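Residue numbers (this note's numbering), protein chains in the order written: chain B, 11 to 450; chain E, 12 to 335; chain R, 189 to 428.
Derived from the structure by calculation, the hints contain no laboratory data. Quick caveat: nothing in here was measured; it's all calculated off a predicted structure. Where a beta carbon is used, it is the ideal one built from N, C-alpha and C, also for glycine. Keep in mind that the hints are not guaranteed to be accurate.
Just the calculated beta-carbon pair ranges, DEER-fashion [what the hints assert, rightly or not]: (1) E:Asp235 / R:Gln422: 17 to 25 Å; (2) E:Ala232 / R:Ser415: 18 to 26 Å; (3) R:Ser415 / B:Ala428: 49 to 57 Å; (4) B:Gly276 / R:Glu424: 31 to 39 Å.
Taking lysine-lysine and the DSSO-like style, the derived pairs with C-alpha atoms no more than 30 Å apart in a straight line are [unchecked claim]: (5) E:Lys332 / R:Lys405; (6) R:Lys405 / R:Lys393; (7) B:Lys52 / R:Lys373; (8) R:Lys405 / E:Lys151; (9) B:Lys209 / E:Lys151; (10) R:Lys190 / B:Lys14; (11) B:Lys356 / R:Lys373.
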Amino acid sequence: MEEKFDAIIVGGGIAGLSAAMTLARGNARFLLIERGEFCGAKNVSGGVLWGSDLARLVPEYWKEEGGFERFVNHRRLTFMDEGSAFSADFKSNHFDEAPYKGVTVLRAVFDAWLAEKVQEAIDASAHPDESFIATDILVEEILKEDGRVVGIRAGEESFYANCVILAEGVNNLLTRQIGLEGDYVPDDYVAVGVKEVMKLDRARLEDRFQLQGRSGLTNEFVGAGSDGVEGGGFLYTNTDSISIGLVLGLKDLKKKGKTPYDILNGFKAHPSVADMIRDAETVEYSAHVVSTGDIRALPSELFADGVMIVGEAAHLLLNAGKAIQGMDYAMRSGILAAETAMEATKLGDFTSATLSNYRKALEGSYVLKDMRSFQDAVHLLHQEQMFGPIPNMICDFGRQFFTIDSEPTEKASKMLRAAIKRHTSYWDLVKLGLKAGRSL
Amino acid sequence: MNSILVYLSVHDARIKRSSLEALSRAREVGKASGMAVEAAILHSAAAEMASVAHAHGASKVFCMANPIFDSHLNAPLIAGLSKVIKMSSPRAVVMASTEGVKDVLGALAIRTDAAVLPDVASFYVTSDEVTCERPVMAAKLLASTTSTHPLVFISVRSGSYEVSEGETVGTVEEVAFDFDEATLGATLREIVQTTGDTVDLSEANVVVAAGRGVRDESGKALVDELASITGAAIGASRAVVETGLFPATAQIGQTGKVVSPELYFAVGISGAIQHVAGMNNSRVIVAINKDADAPIFDVATYGLVGDCFKILPVLNAELRKIIS
Amino acid sequence: MKFCVCIKQVPDVQASVQTGRMVLNAYDASAVEEALVVNEGTDDVVDLVLIGPSSATETIRKALAMGASNATHIVVESLGGLDSHAIAHILADHFASHEYDAILTGKQSQDSDSGLAGSMLAELLGIPFATNAVGLKAEGEDLVVTRQGDSGQEIVALKTPCLVTCSNDMNNPRIPSLKGIMGAKRKQIPNKEAASVSALTDVSKSFSPPGREAGVKWEGEAEELVSQLVSKLQNEAGVL
Ligand SMILES: Cc1cc2nc3c(=O)[nH]c(=O)nc-3n(C[C@H](O)[C@H](O)[C@H](O)COP(=O)(O)OP(=O)(O)OC[C@H]3O[C@@H](n4cnc5c(N)ncnc54)[C@H](O)[C@@H]3O)c2cc1C
Ligand SMILES: Cc1cc2nc3c(=O)[nH]c(=O)nc-3n(C[C@H](O)[C@H](O)[C@H](O)COP(=O)(O)OP(=O)(O)OC[C@H]3O[C@@H](n4cnc5c(N)ncnc54)[C@H](O)[C@@H]3O)c2cc1C
Ligand SMILES: Nc1ncnc2c1ncn2[C@@H]1O[C@H](COP(=O)(O)O)[C@@H](O)[C@H]1O
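Given the sequences, and given the hints that come with them, work out the whole structure.
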């Protein structure tokens with residue numbers, strides 16, 4: 011055994027890089043291994059990094075040229091039926107102050123930038139030559155001795171560390187290899203995300219979406235966009251492109267025999283969407299599995315002797331209707347695991363006794379607190395009504411409410427009752443309303 | 012100082028079409044800016060080709076007849092060209108961007124104190140400056156490039172200009188060339204030719220190019236058949252050159268050859284930018300690919316979405332009927 | 189053989205979304221690979237030299253990680269105003285005080301596609317050279333190069349010291365191992381100032397060329413496709 015690191019991190023996505031940054035700042039000696047040609051090369055994400063942890067990792071990141079695309083100061087939630095769109099639209103100047111509460115990112119750019127920042131932190135640390143970011147290398151095996159994790163194997167090479175942080179993302183083969191998760195993941199726990207990046211001249215983009223400087227818009231969609239399949243759509247503005255896509259339940263897709271690609275094309279052709287992406291040119295298409303945020307999907311444990319699981323490898327993600335939160339969860343869990351690893355170094359104990367502190371910290375943070383308290387909302391979102399009857403009803407009401415047609419007009423309340431009747435029943439709505447009230 | 016010298020590359024004792032394209036353009040430019048156009052031929056049979064140079068607009072032709080030039084070797088060619096350049100003392104030297112030219116261009120420029128504008132898609136010469144546009148970033152961009160240096164070399168991508176005839180009278184200047192082979196730091200051991208190397212790809216009117224989709228010998232046979240029916244030269248993507256299915260000389264693209272035929276068939280080629288960089292000047296592009304989203308369809312005039320193993324037999328039969 | 193490979197950092201032209209990422213020139217990666225292969229089993233060095241901004245160290249480390257011995261970084265913060273002529277002169281200045289059996293360069297830069305710096309450098313150093321190599325073999329004092337010519341492959345024997353420009357069709361550059369990456373990280377890379385030189389050409393602007401319009405695309409049975417195509421080729425394109 012020639013070299014032994016304080017920690018080996020598998021995966022250079024957001025979770026892995028956040029752990030690495032924390033370790034570098036703490037003068038730890040670590041090895042981060044990413045299978046992509048560079049950090050971000052293989053990563054797909056709809057693109058809003060929520061919350062303010064980024065400012066913890068890279069103070070004053072907003073003063074830099076690179077990294078994020080736009081900060082979010084304009085949010086919109088749209089219900090759509092075949093031909094119309096009814097939106098709740100919120101824009102506020104309280105969003106304009108740094109640290110921002112959300113930034114849009116393109117992962118190939120953002121992850122590479124974050125990796126650069128980690129490298130800078132390594133260079134400034136007490137062991138500039140003893141921590142490494144290695145790309146283009148696939149970790150194939152987690153090495154165990156006497157039941158505890160001691161290192162990794164990549165090809166012919168083996169490396170050892172006091173602990174391993176698994177940040178391999180949702181396709182968590184290594185987590186399964188060490189038995190913290192079963193080989194079979196139920197369809198309920200995963201969805202398919204499809205996404206396109208569409209280029210649009212910066213001036214036109216800013217004009218079209220009323221953006222100033224680096225401000226940006228996020229728009230989530232519920233209803234006809236997903237063609238009756240459980241899920242929803244999103245559209246985010248980047249510096250000079252638009253990220254547009256859908257997250258679709260795997261089980262429902264299979265049941266209805268539809269392909270994500272066709273649904274995405276339909277979504278892009280919806281009149282309210284088509285107007286937003288007019289003349290934009292698709293430069294990248296990608297598809298990726300994403301967790302549904304079902305807490306039952308969490309691995310049996312998030313740590314074991316010598317190992318911790320972070321980010322989406324641990325299915326840490328919340329999608330309760332307002333937004334997808336996966337990247338911020340990845341960031342926070344990465345930070346907490348790294349802090350635990352440093353604590354363990356101090357104690358000289360890397361058994362689960364110490365590493366269980368990672369779980370405790372996560373339970374005490376917004377990550378697991380929110381995942382627990384919004385479980386009902388997550389399940390509610392999966393109800394058939396949420397992506398058919400409800401959006402249809404809302405749009406039906408909107409159509410009547412906003413139409414002035416030189417005819418006697420009904421009162422709004424009557425219109426609403428009629429719309430409800432046409433698309434669902436009072437009773438269903440009351441039940442749903444009660445549930446929603448409790449779960450949000 | 013006030014002339015344009017055109018170096019004419021020779022293949023199989025004939026002046027290459029791409030060199031005549033360069034000469035034709037030089038004649039136009041010379042006329043517009045009042046410069047004489049001269050030509051240089053370095054080949055054992057140089058004198059016999061001089062009339063062709065005259066016919067395309069060269070007033071004076073420097074002929075350097077020495078068998079050492081008949082197989083490419085850079086050292087003698089550089090020495091020979093330097094001598095002619097000194098005699099002609101031109102404003103600019105224009106040449107077709109062949110492999111032979113690429114091999115000598117840089118060293119020749121240093122030896123004769125010239126600036127170089129390599130691999131241009133268009134150029135213009137005045138007594139003050141030479142300007143050109145050249146593809147960069149795997150032909151994603153065109154860069155306008157200028158030189159005000161007193162002597163400028165320009166190498167021209169094949170197919171950038173049409174061949175046209177000009178004045179017919181002119182003079183020939185025979186230039187002696189002695190070269191002490193003992194001073195050579197390099198010796199040419201052999202030239203390995205594969206079948207197919209005989210048709211000059213960059214000069215062909217029709218090109219049938221094969222990509223990874225062609226897969227194996229049976230696919231290659233279909234491609235060969237299409238080429239023989241249409242009298243085409245055979246090209247290839249890097250992917251099938253790598254597998255050994257097609258010779259390296261057939262490679263088209265950023266690393267390979269630049270072609271600009273009237274008709275280009277891309278069979279089972281995805282259309283990576285590095286490939287497209289070598290063929291997007293073709294007049295008509297036909298793409299056959301089973302993936303409807305393959306980028307080759309973005310540049311194709313006619314796109315056939317389907318399996319080439321199904322399409323080629325039908326196409327070959329149909330074309331055979333028409334052409335014979 | 190004592191090799192030195194000239195390597196350049198270029199923008200990643202392949203990326204669909206312009207990330208501003210910089211990579212090792214693909215042709216230079218092949219040159220490094222070839223030198224390593226020729227020297228396999230010997231103790232002979234494969235050194236590197238790069239002219240470029242401080243941030244290009246990352247690219248040098250990538251090539252070191254492949255297994256190269258030592259590198260010199262000639263720091264020039266912007267390559268913008270330097271053409272191949274200027275680069276060749278800076279390199280010639282470097283080689284005036286560093287002797288090698290063979291210098292390798294890429295056959296061209298992936299960004300500028302010039303293909304000049306190598307042969308210019310050889311002429312400045314007064315050594316024999318061959319361009320567009322697809323194969324390389326050491327034979328005693330000679331380096332035997334297989335180069336891709338206009339009509340076939342030419343096999344040329346060069347007396348050392350010599351220079352060869354390499355095609356990426358030569359080999360598939362290895363992916364550095366973890367050990368290689370760590371070793372490279374620990375190597376000192378001496379910095380050096382560039383000799384002062386001037387460029388003879390000047391790029392005034394770059395722009396997207398008028399793109400080729402996508403034409404028509406048909407799907408269907410082979411017979412249908414072919415009859416549509418043949419009719420278009422005859423009646424519209426007039427090429428049959
Ligand atoms: C279409 C779509 C839209 C989304 N939108 C949003 C959004 O708007 N906001 C949000 O917060 N989240 C969003 N998410 C979720 C978010 O992308 C993920 O939750 C987040 O990327 C998880 O980060 P991670 O670091 O855990 O994993 P990843 O980002 O997946 O990173 C894992 C890394 O590990 C590497 N790796 C894996 N295995 C190995 C191995 N064996 N050896 C070496 N390296 C390995 C991978 O190459 C990868 O780089 C979206 C997801 C999708 C698919
Ligand atoms: C520096 C550099 C220089 C390069 N220079 C060159 C160059 O000069 N020339 C070059 O070509 N490449 C070059 N490349 C490589 C280039 O990037 C591509 O990898 C290469 O062109 C791919 O070749 P391909 O299209 O044959 O293969 P692929 O990309 O694998 O495409 C094969 C295509 O065939 C289709 N197909 C498969 N089966 C069938 C079937 N039965 N019927 C119909 N279609 C089918 C597939 O849908 C696919 O689109 C270079 C790369 C680099 C980095
Ligand atoms: N900045 C540089 N530093 C080191 N070598 C270079 C540099 N620029 C060009 N070269 C070498 O010259 C080759 C390309 O020549 P050119 O196409 O003329 O730029 C490259 O493949 C390198 O080997």
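Hint-by-hint comparison with the structure:
no., hint, result
1, E:Asp235 / R:Gln422: 17 to 25 Å, "holds, 23 Å"
2, E:Ala232 / R:Ser415: 18 to 26 Å, "holds, 23 Å"
3, R:Ser415 / B:Ala428: 49 to 57 Å, "holds, 56 Å"
4, B:Gly276 / R:Glu424: 31 to 39 Å, "holds, 33 Å"
5, E:Lys332 / R:Lys405, "holds, 24 Å"
6, R:Lys405 / R:Lys393, "violated, 35 Å"
7, B:Lys52 / R:Lys373, "holds, 24 Å"
8, R:Lys405 / E:Lys151, "holds, 23 Å"
9, B:Lys209 / E:Lys151, "holds, 16 Å"
10, R:Lys190 / B:Lys14, "violated, 35 Å"
11, B:Lys356 / R:Lys373, "holds, 27 Å"
In summary, the numbered hints that this structure violates are 6 and 10.
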